[in-house]
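Visitor: Listed here are the chains, written in short residue letters.
Protein chains: 2
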Amino acid sequence: MSLVVQKFGGTSVADPEKIKNVVDRVLRFVGQGHQVVVVLSAMAGETNRFVDLASRMQKIPDPREMDVLLASGEQVTVSLFAMGVKARGGKAGSLLGDQVRITTDAGHTKARIREIDPGRIMALLAAGNVVVVAGFQGVTENGDLTTLGRGGSDTTAVALASVIGADVCEIFTDVDGVFTTDPNVCASAKKIDRITYDEMLELASLGAKVLDIRSVGIAKKYGIPIHVRSTFTDNDGTWVVREDGEMESRMVSGVTYSKNEARITVSRVPDTPGVASRIFTPISDAGIVVDMIIQNARAGDMTDMTFTVPRTDYDRAMEIVAEVAADIGAGKVGSSTNIAKVSIVGVGMRNHAGVASTAFRVLSDEGINIRMISTSEIKVSCVIEEKYTELAVRTLHDAFGLGDEAQPVEEDWG
Amino acid sequence: MSLVVQKFGGTSVADPEKIKNVVDRVLRFVGQGHQVVVVLSAMAGETNRFVDLASRMQKIPDPREMDVLLASGEQVTVSLFAMGVKARGGKAGSLLGDQVRITTDAGHTKARIREIDPGRIMALLAAGNVVVVAGFQGVTENGDLTTLGRGGSDTTAVALASVIGADVCEIFTDVDGVFTTDPNVCASAKKIDRITYDEMLELASLGAKVLDIRSVGIAKKYGIPIHVRSTFTDNDGTWVVREDGEMESRMVSGVTYSKNEARITVSRVPDTPGVASRIFTPISDAGIVVDMIIQNARAGDMTDMTFTVPRTDYDRAMEIVAEVAADIGAGKVGSSTNIAKVSIVGVGMRNHAGVASTAFRVLSDEGINIRMISTSEIKVSCVIEEKYTELAVRTLHDAFGLGDEAQPVEEDWG
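Sequence lines, in order, name chains A and B.
Each residue of the first sequence is one higher than the last, beginning at 267 in this note's numbering.
Each residue of the second sequence is one higher than the last, beginning at 267 in this note's numbering.
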């Protein structure tokens, strides 16, 4: 007998028929003798409906009230789910975030979990119930409802798994697992069977949408295996687990991309101590996260400073930078929103030299100019022109043999 | 400056535009220097949507889970309302039933309020907020969500008014107030300006739908004036208040009717001690409320026993009665679902003899046969054939001069 948390997203519980299918799936598993805590999102479409309603009331909806509104969505799915279990003769009880007592900070619409009380869940499990917990929501110490932001139900599921000591946290979704790259871009993309927490963290932060990055961080911290799998099949999906020896033999696990960034270049910046701080402090003060930074020396104590920001923050960042550039006597400010970041990720890079240079070479062979580069121990990211995104992804995916494990381009690795 | 509870029903908050209208109305009142606690229902149509969703999950939805589902409805309206106040530059905070701490018993879907903590509401009022409370919902001591059943938001409003010591509880609705009878049946129906708690209790229990009977009982107990009025005008509506001398000069305040009952007659019941108990105990054990009972003596120690039950319980009641009738050796069981109950209500009856006989006479003059009669100090009810309902209502309304106060049929009274 195992203790398992199973999380189902909004498309899996979009209407009563879909909820019944999930109920049957969970009850089959319970019938094999397992204990299950189910974590649910709101029905697909509900969050958009709420956002629309709120925007009709207030231009920038009050965050505290927005959370009250949003939290009603999971309340609907957990109650319907519990009814569905009972209709099949099973035992079930729903719990909202504040009923579990998932305590968070007061950062409304993007709160962070502080503490979870496992008591009520364990008592319901011990009494033979399927425990149905509303994902995405918590409560402050003052009793105000909060929500955990994007991917919040994944976070709820993994955090619950850690406090109740679950054997695994299963994240059910509408795809078969985590893929070597976006199958819409590259037809030879393959499901990854096993991947490390660190690789998954990189993939999630680089734009792979299947699993929220915070949930992976929690899973890593507490050593909870995550199993990302399809709601619609019984096939094994992708296991996100601790690193083991076998994994290191694979140089690259996945290729990902993001079109959510913009590039800003300040030219002819006087190359004096503290000048970088004068540019980046006001940007950071405005809550804008700078991703990559490159500094190119020029003649005459001048330097060009290039960096990327999220495209949604582009306009604000440009205003700030224009002001700063004038203040410090820099040259003109250039920019582009037509950029993309493509990345390769893999723990094997640590033991295989030349992965980065192979990536640069194959992109260059396709005539793709690399504008910026950033690397970590298990990742190489390149900023390129947006129009080359799909070509770059396919080129890297092929070059590292991800689509067809029998033919990696081994001869080229340093 | 006064402290007022204002309750708005589902049709008043059916969409963002309607909610904004209510926000403006409340803020005009706040602008006059008053403190306001707003109690809201779910958007019109939401409860039906939830009932439909639940019925698709489970034939008889689990009551605990049904309450979790239903309570999400007011969560939507209170958060949107608070946003609306803030959009207008006002201060507001929403509170759900469990956040106020409206403690109820565990009678899911029809829970009764045990205790309300005024602390959080008073603190928000003191800080200058419009306090927006979710109607219809509460929480058990164990932290399970409950709902208060039909008319529950009225109950929330009046109960809150009593614990915070409000000057008045205003119930906003889509009609101008309480009418002397149903305006759809009788064109001369008039709005009642003032009515006593006891009259309102009788009218509510006899079928007038504008105000829930439980809320009137609470208002009476704590002496909270209720003002039933229109959401769409500034006109005075109907004040439900303690009895005063002026009211007794009016013999009849209103005429009401109900088509929700069915009649059952057990003929040739042996007239022995305890036989009534043998019939009515199993009916009561089945949770069926018997309204009126008549016993007609026959020759030979036999009696006919006639009584009424809610039409929704008719089938179950007939099964039970058929069995009992066989057991006790009674004759055949007759019944009719084509009946209606028409009633006249007024505190003045206590001081004006002959009100009942006038009612019987005017109905008889119209050829309407009275099948059953029940009376109280301030009420006379008659069961008649359903097809005569509207005629009977108009006849009684005219006879007691409710449509035109200048011409009561005074000459006929006692």
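No wet-lab data here; the hints were simulated from the structure.
Nothing here was measured: the structure is a model prediction, and the numbers come from that model.
Each hint should be verified, as a subset may be incorrect.
Copies of the same chain look alike in the list, so a pair counts if it works inside one copy or between any two.
Said to hold, decoys possible - Derived DSS-like pairs (lysine-lysine); straight-line CA-CA distance at most 27 Å:
| id | residue 1 | residue 2 |
| --- | --- | --- |
| 1 | 286 | 653 |
| 2 | 325 | 284 |
| 3 | 598 | 357 |
| 4 | 357 | 284 |
| 5 | 487 | 525 |
| 6 | 325 | 653 |
Visitor: Determine for every hint whether it applies to the structure shown.
Guide: Taking the hints in turn, this is what the structure says about them:
Neither within a single protomer nor between protomers do residue 286 and residue 653 lie at most 27 Å apart by alpha-carbon distance, with minima of 43 Å and 46 Å respectively. When the C-alpha separation of residue 325 and residue 284 is checked against a cutoff of 27 Å, the pair qualifies only between copies, where the shortest distance is 17 Å, while the shortest distance within a copy is 34 Å. Taking identical chains as interchangeable, the C-alpha atoms of residue 598 and residue 357 are never at most 27 Å apart, the minima being 67 Å within one chain and 45 Å between chains. In this assembly of identical chains, the alpha carbons of residue 357 and residue 284 lie at most 27 Å apart only when taken from the same copy (19 Å versus 41 Å across copies).
In this assembly of identical chains, residue 487 and residue 525 lie within 27 Å of each other by CA distance neither inside one copy nor across copies; the values are 30 Å within and 65 Å between. Proximity of residue 325 to residue 653 under the C-alpha cut-off of 27 Å is found in neither arrangement, the shortest distances being 34 Å within a copy and 55 Å between copies.
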